[in-house]
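K.L.:
So you can see what is in the structure, the chains are spelled out below.
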Amino acid sequence: MMRSGFQRVARLAHHRALLRTHLLPRLHQASAFGSSTDSLVARFCPEKTDLKDYALPNSSWCPDMLSLYQEFLEKTKSGGWIKIPSFKSNREHIQGLKLPLGLVTDSDKQDWRIFTRCILLEGQGYEYVIFFHPSEKKSVCLFQPGPYLEGPPGFAHGGSLAAMMDETFSKTAYLAGEGLFTLSLNIRFKNLIPVGSLAVLDIQVEKIEDQKLYMSCIAQSRDKQTVYAKSSGVFLQLQLEEEPPQQQ
Amino acid sequence: MDLLWEEFQHGQTKVKVGSHLRALSRRAIERNSRNHRVSVRETGRAIERKGILERRLEKHAGVLMEKKNAKKERKNDSGEVFHEPPAGAQRLFSSEKVIPKDYGLPNPSWSKDLRLLFDQFMKKCEDGSWKRLPSYRQNPTQTLKDFQTRFVDPRFMNEEQVSKAQQFSRSLEEGLGFEYVMFYNKVEKKMVCLFQGGLHLQGVPGFVHGGAIATIIDVTTGMCAIAEGIAMTANLNIDYKKPIPLCSVVVVTSQLSKTEGRKLFISCTVQSVDEKTLYTQATGEKLHCL
Numbered sequence: 001m002m003r004s005g006f007q008r009v010a011r012l013a014h015h016r017a018l019l020r021t022h023l024l025p026r027l028h029q030a031s032a033f034g035s036s037t038d039s040l041v042a043r044f045c046p047e048k049t050d051l052k053d054y055a056l057p058n059s060s061w062c063p064d065m066l067s068l069y070q071e072f073l074e075k076t077k078s079g080g081w082i083k084i085p086s087f088k089s090n091r092e093h094i095q096g097l098k099l100p101l102g103l104v105t106d107s108d109k110q111d112w113r114i115f116t117r118c119i120l121l122e123g124q125g126y127e128y129v130i131f132f133h134p135s136e137k138k139s140v141c142l143f144q145p146g147p148y149l150e151g152p153p154g155f156a157h158g159g160s161l162a163a164m165m166d167e168t169f170s171k172t173a174y175l176a177g178e179g180l181f182t183l184s185l186n187i188r189f190k191n192l193i194p195v196g197s198l199a200v201l202d203i204q205v206e207k208i209e210d211q212k213l214y215m216s217c218i219a220q221s222r223d224k225q226t227v228y229a230k231s232s233g234v235f236l237q238l239q240l241e242e243e244p245p246q247q248q
Numbered sequence: 001m002d003l004l005w006e007e008f009q010h011g012q013t014k015v016k017v018g019s020h021l022r023a024l025s026r027r028a029i030e031r032n033s034r035n036h037r038v039s040v041r042e043t044g045r046a047i048e049r050k051g052i053l054e055r056r057l058e059k060h061a062g063v064l065m066e067k068k069n070a071k072k073e074r075k076n077d078s079g080e081v082f083h084e085p086p087a088g089a090q091r092l093f094s095s096e097k098v099i100p101k102d103y104g105l106p107n108p109s110w111s112k113d114l115r116l117l118f119d120q121f122m123k124k125c126e127d128g129s130w131k132r133l134p135s136y137r138q139n140p141t142q143t144l145k146d147f148q149t150r151f152v153d154p155r156f157m158n159e160e161q162v163s164k165a166q167q168f169s170r171s172l173e174e175g176l177g178f179e180y181v182m183f184y185n186k187v188e189k190k191m192v193c194l195f196q197g198g199l200h201l202q203g204v205p206g207f208v209h210g211g212a213i214a215t216i217i218d219v220t221t222g223m224c225a226i227a228e229g230i231a232m233t234a235n236l237n238i239d240y241k242k243p244i245p246l247c248s249v250v251v252v253t254s255q256l257s258k259t260e261g262r263k264l265f266i267s268c269t270v271q272s273v274d275e276k277t278l279y280t281q282a283t284g285e286k287l288h289c290l
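Residue numbers (UniProt numbering), protein chains in the order written: chain A, 1 to 248; chain B, 1 to 290.
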């Protein structure tokens, strides 16, 4: 029932976007929503900002992670790849935007934090950085679980990997096509990730259809010899609204 | 004696000092605790008394050394003390036994809804059909050893990391992360988890992160499977129907559907307290470890 509620809101937004673009023919799902990937990326990843970016190397990163990070950083310069900054809360990513009507929750609390940055102690929780390729609609996440993410002794909790996959899916879905809410997540665990070691997550957007984004992910070791898990996720497309200036 | 009691009071180690040590010069004790090392000669005239007094002084030294080492080790955890006294330190003459903290009990961050539900379920426990599961921050030492001997390659074992490790769902501060308690019904093979998501579990602003929901489902289904023996997650399939608002209370119910050899099939639902709203539905496959 809620899903049809979502779709009703999404359709309203869609109609509004069409009116704005003077009923241009629908070439690409994302552009029909009124924002292209480039504008989304520009807004989501502000170049000059005072906000602290947590997706930067620190002393707890293992050598594998550091070297792979440098490789991808080179690729961002030559073209194609973008490094997604990681702020303490999603609210900081979407400054000036808000959720569509009906989904805004009023709260006077201030200490929100995105789940994957819940543990800010260096090296203890999630250490990760996400690189996104706008034209090929794929992304890569370098993930190192810390000792606070333990499940079976010495290995990362299955839930922590699930959360990391969901987070990467969510960032990819938003930048690729304004995907907002997770509709489903299917994870097949193959091997355990030792705490403190690097896991590389490769995400690919399979298709965008019927206001839903379909993505697949494979988490493996750097040398691709060990597959840790495979998963697929479906996200709902929902356009964020501009916040009225007086409320800011 | 009061001075000595106060000095040892901070930190988790409590030492009962015998009355003989009253004889020690106060200055000597202050000097020792300042320098954090004990040279038996420095304690002055009192050392001339041999026998019990000298032995107790050495133990006093061991305690101070241990306190100094313990201060380094205790940075990241709170509640339990699992470290062994460092080599060379003497035994404490007497100390209180440290009991690990059970996180599956009400604390100030629990909302009224959660407390009410907790009381309801505790009443159900009275006739023995339901049982509340205690929940600790670190894996009990026995489970650790069992697991390590069976699954871990010694090359990958990092002693320092092993000692600092914490159960993921208990790693966040009170009220800000996962606040939950589990109740188990052995006959129906049903696990119920009362869950309140804190502010640090945010995903889409105002709602709980999909990954946090996945974690609590994994933990609940995992505990359901562990009732039959150690098991690990093989598959997790989650359908999100509605987003869960932050700081609200939900009931995660997990049921063992069937067993096929080493595989366990578990279904799980996340509902509101009044059972009118279905937030999430999930199925999981766990694999028994032999």
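Take the hints with a grain of salt, since some may be wrong.
To be verified - Far from chain B by the CB rule (all over 12 Å, computed), these chain A residues: (1) 72; (2) 80; (3) 124; (4) 157.
Unchecked claim - To give an idea of the chain B side of the interface with chain A (calculated C-beta under 10 Å), a few residues: (5) 199; (6) 202; (7) 206; (8) 233; (9) 246; (10) 253.
Keep in mind that the hints were calculated from the coordinates and are not lab data.
Keep in mind that this is a model prediction, so the values were computed, not measured.
In this text, a Cβ means the ideal position worked out from N, Cα and C, and glycines have one as well.
K.L.:
Each hint: holds or not?
P.N.:
Evaluated hints:
1. 72: Residue 72/A is indeed farther than 12 Å from all Cβ atoms of chain B, at 23 Å.
2. 80: Since the minimum Cβ distance to chain B is about 27 Å, residue 80/A lies beyond 12 Å and the statement holds.
3. 124: 7 Å, violated
4. 157: Since the minimum Cβ distance to chain B is about 4 Å, residue 157/A lies within 12 Å and the statement is violated.
5. 199: With a closest approach of 5 Å, the residue 199/B hint holds.
6. 202: 5 Å, holds
7. 206: With a minimum Cβ separation of about 4 Å from chain A (threshold 10 Å), the hint on residue 206/B holds.
8. 233: Holds - the Cβ of residue 233/B comes within 10 Å of chain A, reaching about 4 Å at its closest.
9. 246: 7 Å, holds
10. 253: Cβ of residue 253/B sits 17 Å from chain A, so the hint is violated.
Of the numbered hints given earlier, the model fails hints 3, 4 and 10; all others are met.
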